[in-house]
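*Asks:* Residue 42 in the working numbering sits at position 42 of the sequence shown, with consecutive numbering throughout.
There could be a bad hint or two in this list.
Straight line, CA to CA, 25 Å or less: simulated PhoX-like cross-link-like pairs of lysine-lysine [what the hints assert, rightly or not]:
hint	residue 1	residue 2
1	Lys87	Lys126
2	Lys27	Lys92
3	Lys75	Lys87
4	Lys92	Lys75
5	Lys92	Lys46
6	Lys27	Lys87
7	Lys92	Lys126
8	Lys126	Lys75
9	Lys46	Lys126
Just so you know, the hints here were simulated from the structure itself, not pulled from any lab data.
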Amino acid sequence: MTVFLGLTGIALFQAFQSSSERAEQGKLEGQLYGLLGAAELDSAGKLVMASDLAEPRFSLPESGLVAEIIDDQGKVIWQSVSTLGMKLPAQKVLGVDESRFQRLPVNDNEWFSFSYGIAWVDEQGKEHRYSFRVMESPQAFNQQAEQFRRTLIVWLTAAALILLVVQVMVLRWSLRPLRRIEAEVHQVERGEREQLTENYPR
């Protein structure tokens with residue numbers, strides 16, 4: 001029973017983590033597409049970002065949410081204000097419409113990262129390729145996972161105790177005939193009964 005509950009707990013926790021990572025990916029995709037909506041090419045064919053982004057965390061240092069853009073040569077051409085004082089891992093140039101979700105090391109933590117490659121064509125018909133990347137700290141994710149783990153332990157412990165009580169009750173019920181037989185044997189030995197009752201289950 002202990003092994004079964006342990007394996008069940010591991011399976012549930014892994015399923016929770018997989019589901020949470022998919023949710024994290026969807027959230028970062030939304031953030032990145034928001035940045036795409038805030039970007040445009042100027043008359044010189046240079047990529048410019050809106051000064052007022054929809055997500056305020058991009059404008060707050062140490063907010064746990066950062067973004068950057070590189071060109072097709074891998075040169076960083078824009079970073080969010082929230083990257084102030086941070087050293088981000090090198091970003092890889094992606095092909096057009098290529099995306100990548102992964103975890104990357106930042107300040108001794110594995111941050112979530114979603115990248116997307118895109119191409120813009122300027123007024124002269126020249127194509128400009130860029131790779132956008134959004135990264136988020138795992139702090140909230142880890143806290144949620146730890147809370148789920150603790151809740152899971154409580155529920156599995158409660159389930160184990162309930163099963164144990166049920167097993168004890170079943171065992172006590174199944175041993176009742178044996179106790180009656182034992183009592184009657186003692187009665188026969190003391191001369192209080194001539195023979196055992198014959199209607200015991202076999």
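*Asks:* Work down the list of hints and note, for each, if the structure agrees.
*Replies:* Each hint, compared with the structure:
For the proposed pair lysine 87 and lysine 126, the alpha carbon gap of about 32 Å is over 25 Å, so the pair is violated. The hinted pair formed by lysine 27 and lysine 92 meets the criterion: a straight-line CA distance of about 21 Å does not exceed 25 Å. For a cut-off of 25 Å, the pair hint linking lysine 75 to lysine 87 stands: about 15 Å separates their Cα positions. Of the supplied pair hints, the one linking lysine 92 and lysine 75 holds, its CA atoms being roughly 10 Å apart against a limit of 25 Å.
Annotation: proposed proximity of lysine 92 to lysine 46 holds, straight-line Cα distance about 20 Å (limit 25 Å). Straight-line distance between C-alpha atoms of lysine 27 and lysine 87 comes to about 23 Å, which keeps the hinted pair within the 25 Å bound. Among the hinted pairs, lysine 92 with lysine 126 is consistent with the structure: their alpha-carbon atoms are about 22 Å apart, no more than 25 Å. The hinted pair formed by lysine 126 and lysine 75 meets the criterion: a straight-line CA distance of about 19 Å does not exceed 25 Å.
With a CA separation close to 11 Å, the supplied pair lysine 46 and lysine 126 stays within the 25 Å bound.
Hint 1 alone, counting from the list given before, is not met by this structure.
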